[in-house]
Amino acid sequence: MAYRWTNDLTHADVTPKAAFLNRRQLIAGTVGFGAIAAGLPAAAQEALEPNTLQEIQSYNNYYEFGTGKSDPAENAHQLEVSPWSVKVDGMVDNPGDYGLEDLLAGLTVEERIYRFRCVEAWSMVVPWNGIELADILNKVGVQAGAKYVAFETVVQPENMIGVQRRVLDFPYVEGLRLDEAMHPLTIMATGIYGEPISKQNGAPMRLVVPWKYGYKSIKSIVRITLTDVEPPTSWNVANPREYGFYSNVNPEVDHPRWSQATERKIGGGLFAARQDTLMLNGYADEVAGLYTEQPLNDYF
Amino acid sequence: MIDRLNSALRRVPAWLIYIVFAAWTGWEFWKALTGAGPYAVEPINVLERTYGEMALKLLVVGLLVTPLRRWFSINLMKFRRAIGVTAFFLVLAHFLVFAVLDVQSLERVWTEIIKRPYVTVGMLSFVGLIPLAMTSNNWSVRKIGAAGWRKLHKLTYPVAVFAAVHYLWLAKGFQLEPVIYTAIIVGLIAWRYWPKLGQVSRA
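Listed in order, the protein sequences are those of chains A and H.
Position 267 of the first sequence, counting from 1, maps to 1386 under this note's numbering, and the rest follow consecutively.
Position 94 of the second sequence, counting from 1, maps to 201 under this note's numbering, and the rest follow consecutively.
The hints are simulated quantities; they were obtained by calculation from the structure and are not laboratory data.
Do not rely on the hints blindly, as some may be mistaken.
If the Cβ cut is set under 7 Å, some of the chain H residues that face chain A in the computed set are [what the hints assert, rightly or not]:
id, residue
1, 139
2, 150
3, 285
4, 286
5, 287
6, 289
Quick reminder that beta carbons are idealized off the backbone N, C-alpha and C, glycines included.
With the rest of the complex left out, here is chain H (with noise of 0.2 Å):
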């Protein structure tokens, strides 16, 4: 079971996700222009939402693919470059609809960043991925050393912390949706560092 989905995943070309999700992104902003189903009353906060959920969601996917090989032998290994460069994408465009469509005014952004410890935790998650992003390149890897690669990439989990306490403290009231987040992306990290789970070192 496990090995023909294994195969098949194979055959499935990594920068799918990239169209795919190009495709999403694009798709949801013509929506959000149109003012198409739930962007029909409200589009500007829709859409931020929309997008930064889903570079959250995109986080998890990319710490799940060494747990799933760990646990189910399912491997995804291939396209968690893919998965964490949509993610910085999809970040940027949450960064994006935030700066220009919500608040404005770059003086205003800049007070919101300062003031506001959600949106403080949110670009410290935001600048985290950059050179993440940057260095998500086989030449980087080269230049860099596989040792080395690999810890600068740990970076992932402090971002994906950043962005689940990010989730958590916008909310009013006690909401479900990012407790759920944070219990999961605290989990997959602990995970790795739990001594008994995890003895071998995993990225």
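For reference, chain A alone in the conformation it holds in the complex (with noise of 0.2 Å):
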């Protein structure tokens, strides 16, 4: 059941960007200038340019690989992805050892340009291409009853400088409410800019959950979990007052430690400004019903 949900943003929506202009300046010209500025909600996409392969290569938080931000880029070519297989166990009805080829055969792959927002308050937009997890779930065959999803990553200590220092309580661990892990929006991710995933990002398959802090996006996952209980979450584990379970972005919720109401777009040089960040990372419009029963400031 892929393309439940179409990309608002796409390589045609951002190439030229005059024509952008050119539009802004119609509209201005016949509704006025302060109707725009009340009714850009979107406004925030005049700036959406996926971030070049290379940055998206070059900076990046994969603690197994060490804490710099260019460690993973300088070490994760140790990790060893194939063969891969995922392990699919709890409250499903087909458990069991899958090589990755046999968990994502017959599903479709497909783009999604995403803005990808970092708990330490910078953003990047990347073009993914993946699978939408629903769809993977759905292959497994989710039990009634099964509520949240629980995710892991690979340890491979000899591989993995950061697992031998133990930055942080190894294996990696990550979850999901059932319905935030079934909606169209959330991805797993095995390329970018339609080239295989590289290891720095998570290859050969990670988890994309556009409207979450980037952390909850787990890479190179060697377990999928079906459970009727909240599972435990790294950050959360590592530190709760910091990190909760959703974590999702909220620009009125600071970080105990930093601001989060604007962030900087990696890519700017020097004197990149900051921007605003948007509620649910600007998917509000589609996410915002997961969350009815819940404010989202006491649930971070």
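With the hints in hand, could you dock these two chains into one complex?
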């Protein structure tokens, strides 16, 4: 059931910047400038231009390969990705150890250009290639009663310098509520810019949940577990005061040590201006409905 | 061996430290501006960090001068003023990158200082360095008197501790470098107050 969500951002959208400016002038001419300022929730999209592949591949947080932003690019080549097997267990109809190709066979890979917002207040725009997670979950058969999906990153201590240094309690684990996992925006990415996803970006398969802080989008997944209890998540375990289970992008809830109201898009150089962070990273129209029963500012 | 080292050091003028670090600061800024090497993707935080870490290193070197003389008879005393003043200028550069390039508005800078303990602690360290930098000249030593001046410059200890805490506090997860810096700084200060090791008063 791919294509349940239509990308509002395509390469065609961002290429002719001049055309965009013209359109803006046109609107300004007809309705007046005040009306635009008021009626442009999508205003942030004017800056939406995918980061270059070089930027996406050289500025990463992947603590298994070190805590510096360039450490993953330097060290991740040691990751062993083939063969790759994913254990699917818990409350599913077809549990087992799946070869990656078997798990994804027959499912549609789409391009999704998403904003990516790190909890450290920087952001990128990434053209992912991936499969809706719902398609994968439907393939393995989610049993009634399952409420959460838990994910686990591979641990290869001999290849991962950060694991040896015990920066976090590895393996890295993450989790989503089932409705979040089944949402059409949630994908398992296997590529970027039409190329197989690089190791520092989470090869061979990673989660992408664009309305949550980046650390929810767990990399190099080897295990998917359906469960009826809220699963532990690595940063929440490391520091529950600073990192909640939900971790939805929210400019109104600051990280205890820094503000989340603004962010800096990577790639703007030494004088890059900050931009306002959008509620749910700009995906409020699509996902706010998931949280009608929970005040977002309390369930952070 | 040590005599030869000391006599070699005597021939090195202290002002060389200012020249070297002024050039280094400018060079790193130029690299950040042009996106060279580590500055290729996100230069602002890298520059902020580069200046901050070098300032911390200089504070540690400043604290090492006395123990090096006591234990190894290596005399770096004549460089200590230049080391301290250079540390101050690097902290200033670190602060300016934070305020002007990173946070980008005076109002937000103020909010960050008030609201974020790790920024507060960093600012305390910076503010503590100001009177030290201002009195790092012979005229001030004469004016204040040697004893008073030495007392004032004990501010270096809280300044260094605040700097270490600032570094510890901003790390995500368990990271080794800030812990190592903190251990060294606390060790170097504790050594000065440990009764058996430091009977003579230490500047």
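Violated constraints from the hint list, given by number and in increasing order
Of the numbered hints, 3, 4, 5 and 6 do not hold.
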